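There are 2 protein chains.
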Amino acid sequence: MNTIEKINLAEKFDLFHDHYHPRMIGTLNGQKVILAKLKGPFVWHSHANEDELFYVVKGWFNLEFRDKTVRVGEGEMIIVPRGVEHRPVAEEEVHVMLFEPLDTINTGDAVSELTRKEVDRI
Amino acid sequence: MNTIEKINLAEKFDLFHDHYHPRMIGTLNGQKVILAKLKGPFVWHSHANEDELFYVVKGWFNLEFRDKTVRVGEGEMIIVPRGVEHRPVAEEEVHVMLFEPLDTINTGDAVSELTRKEVDRI
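Residue numbers (our numbering), protein chains in the order written: chain E, 1 to 122; chain P, 1001 to 1122.
The shape of chain E in the complex, shown without the other chains (with noise of 0.2 Å):
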């Protein structure tokens, strides 16, 4: 019997309330898919080899780079190329789902507090 299952985005969200600690769902081909909440602005940070998309579950957030700012809502996702700095800003919680290379550090290049190096799987 195959292990194989289906994901469910909302049951799994509502497994966790912290907001900019992202947990794991799943993997494929060296990518993981990611799931976070966001609240508030994250830190100004880029990764030098990866790039990483970001899908809007449910709300919107502001994508800020710095030479603009992208509105993201949901339904809609934009791709961050590997070496741009780019700051997500979010005035009310956001869920959002991402995915980049396994070994992507949330903070990228900028290590704080905020930085998660083990990523939970849910």
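With a straight-line Cα cutoff of 25 Å, these simulated DSS-like cross-link-like pairs (lysine-lysine) come out:
1. E/68 with P/1006
2. P/1058 with E/12
3. E/6 with P/1068
4. P/1006 with P/1058
5. E/117 with E/39
No lab work stands behind these hints, which were simulated from the structure alone. Treat the numbers as computed from the prediction; the structure is a model and nothing was measured.
Once you've looked at the hints, dock chain P against the given chain E.
Okay, now just chain P, sitting in the frame of chain E:
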């Protein structure tokens, strides 16, 4: 000025109406992000070297395996590991987003008239 733009999935889905004809909306880390509308049965196939993620944006479908069937609904995802035979079957039209390596061919090992070696970018 950076050219990073958000992508609205509903707007992209409005751009095409045919079934089992995937369109690419982005790439990252050697992977592609695909949108497809499914209706009816696809072909049984597997991908020798690529894991494949299906995320349902609208509707639902059955993902058949040789030993079970998984109903995947809106807001749910499923990852099919490489080498595992599968067949999507959609009783009604379903809108899905897929993640897979850039060189993945939609029908995997089952080349047929449904095979699309080139994926249009929208």
